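S.K.: Sequence:
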Amino acid sequence: MRTRIPSAFRRLAAIAIVGTTTALAACKEVNVPNLNSPNIDQLLAAPKASVVNTTVIGLMVGARATIGGYASQLGVFGRESYNLDQAESRFVLSWLAQPLTPGGFGTDLGWSATYQQVLAAQTILDIVDNVPDYTTAQKEGVKGFTKTFMAMAFLDQLRVRDTFGIVLEVDPTARDLGEFVTREQGFDRVASLLDEAKTHLNAAGTAFPFIVHSGFTGFTTPTTFLRFNRAIKARSDVYRARWQDALASLSESFISTAATTPAALATGVYHVYSASAGDATNPLFDPAPRALVAHPSILTDAQLRANGQPDLRTSKVTTGATLSNQGITVSLRFTIYPTNVTSIPLIKNEELILMRAEAYAGLGNRVAAIQDINFIRVNSGGLAPLPDTFTGDLVTEILYNRRYSLLFEYGHRWHDMRRYGRLNQLPKALPSHLVYPIVPLPSDECNQRAPQPKGCVQVNGI
1 MRTRIPSAFR
11 RLAAIAIVGT
21 TTALAACKEV
31 NVPNLNSPNI
41 DQLLAAPKAS
51 VVNTTVIGLM
61 VGARATIGGY
71 ASQLGVFGRE
81 SYNLDQAESR
91 FVLSWLAQPL
101 TPGGFGTDLG
111 WSATYQQVLA
121 AQTILDIVDN
131 VPDYTTAQKE
141 GVKGFTKTFM
151 AMAFLDQLRV
161 RDTFGIVLEV
171 DPTARDLGEF
181 VTREQGFDRV
191 ASLLDEAKTH
201 LNAAGTAFPF
211 IVHSGFTGFT
221 TPTTFLRFNR
231 AIKARSDVYR
241 ARWQDALASL
251 SESFISTAAT
261 TPAALATGVY
271 HVYSASAGDA
281 TNPLFDPAPR
291 ALVAHPSILT
301 DAQLRANGQP
311 DLRTSKVTTG
321 ATLSNQGITV
331 SLRFTIYPTN
341 VTSIPLIKNE
351 ELILMRAEAY
361 AGLGNRVAAI
371 QDINFIRVNS
381 GGLAPLPDTF
391 TGDLVTEILY
401 NRRYSLLFEY
411 GHRWHDMRRY
421 GRLNQLPKAL
431 PSHLVYPIVP
441 LPSDECNQRA
451 PQPKGCVQVN
461 GI
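If you count by my numbering, then the sequence shown holds residues 1 to 462, one letter each, in order.
There are no misleading hints in this set.
Each computed DMTMM-like pair below joins lysine to aspartate or glutamate, with the alpha-carbon atoms no more than 25 Å apart:
no. : residue 1 : residue 2
1   : Lys198    : Asp126
2   : Lys348    : Asp245
3   : Lys428    : Asp85
4   : Lys454    : Glu169
5   : Lys428    : Asp286
6   : Lys139    : Glu169
7   : Lys316    : Asp301
8   : Lys454    : Asp188
9   : Lys348    : Asp162
10  : Lys454    : Asp162
11  : Lys428    : Asp108
12  : Lys428    : Asp162
13  : Lys348    : Asp195
14  : Lys198    : Asp245
15  : Lys139    : Glu252
16  : Lys198    : Glu169
17  : Lys48     : Asp129
18  : Lys198    : Asp133
19  : Lys139    : Asp126
20  : Lys348    : Asp301
21  : Lys454    : Asp444
22  : Lys348    : Glu196
23  : Lys454    : Glu184
24  : Lys348    : Asp188
25  : Lys428    : Asp301
26  : Lys198    : Asp129
27  : Lys139    : Glu196
Honestly, the hints are just simulated from the structure, not real lab data.
Predicted model, so just to flag it, every value in this text is computed and none were measured.
Based on the sequences and whatever the hints tell you, model everything.
M.R.: Here is the structure:
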């Protein structure tokens, strides 16, 4: 299904994406020409490789723009974190104690940024074949890279909106808005984009025509980037319980258990930051802390090692200043992001191994699932391995390890608990607190449509 974008709005999308790349230009890893005032008509009618390359780089900036919101807001929903900002009570009241409403505080949750990414990606796809100074292989590389990022944008919103669905066809004119599709149709589109990207990348030669930033170290050529593409495909497969597909995707990714070091587990793709003028710093960096604190259950729920000490992954939090807001008091802060330029994982080997364990468990292969679970338990958590004869619930064990291995990275905990119908197991600091199963649509999306989509409702929580 092709995204339809009229030329006037496509121009706005091109302006937006070219503009965002000026921030990435500040990073030492990427040198981008100054395009604050590009000739957008020229970009669309007779694009040059140098300008298109810059817009492609902008996709990396766009993907980075939403990660702080997903980690922090979904972190609150999933009881990984709290935001106890003394100047803004809605971080507690609106995200823990009151129903979610269209147009309510925080319910955009990446929606606007997602569709800016989609519009930008489609603009690139629409013009790439008209670039005279690209080779055929280079055009394939641009298409493969761009479709991968478009799929990631859709996947972001599928996690948040779930059965409310998403829009695949985007037309900003009031008379022809794209229809909402079901969750499954959305996932089908994600899968097809990633598979189309795979075909393009296989025909893309040995190098991209644009610079890929340092967060993709090890994945900067079409061949190596394809391993990242397959990792994202595996994530999508796992999200909808396509276990055999997940194993196939993982087999083509960068998954590895050859080494047991922290560095090997951390191998992957990252969002990068810098303090250079015009660039962005890590939005989750809050060392004092001023607002972002860790949920106390991270310590109380941790399994113990043989020496009686907690899971090694609890070192991701430590005692800090006490913050209080709206009846919540916490003295636990995160240590995951020690500086304002620390990278945030987009996807890493540790997650891939746990996804493979989940796929094996879903297929009933307990032996293989336990082997992968134990790899993470022992090498990441310092815990004793499960016995081969373990008869307990593998899903519980997998979710435990995903919780601690992927803590405060992408809102994994909330989404994982919803996938398995376990949101009612998340703790509540106060009896009046709520756990939300889904996020309603932004009011702008509702107000332009009649009848309104089913996501234009109040979500009361449980």
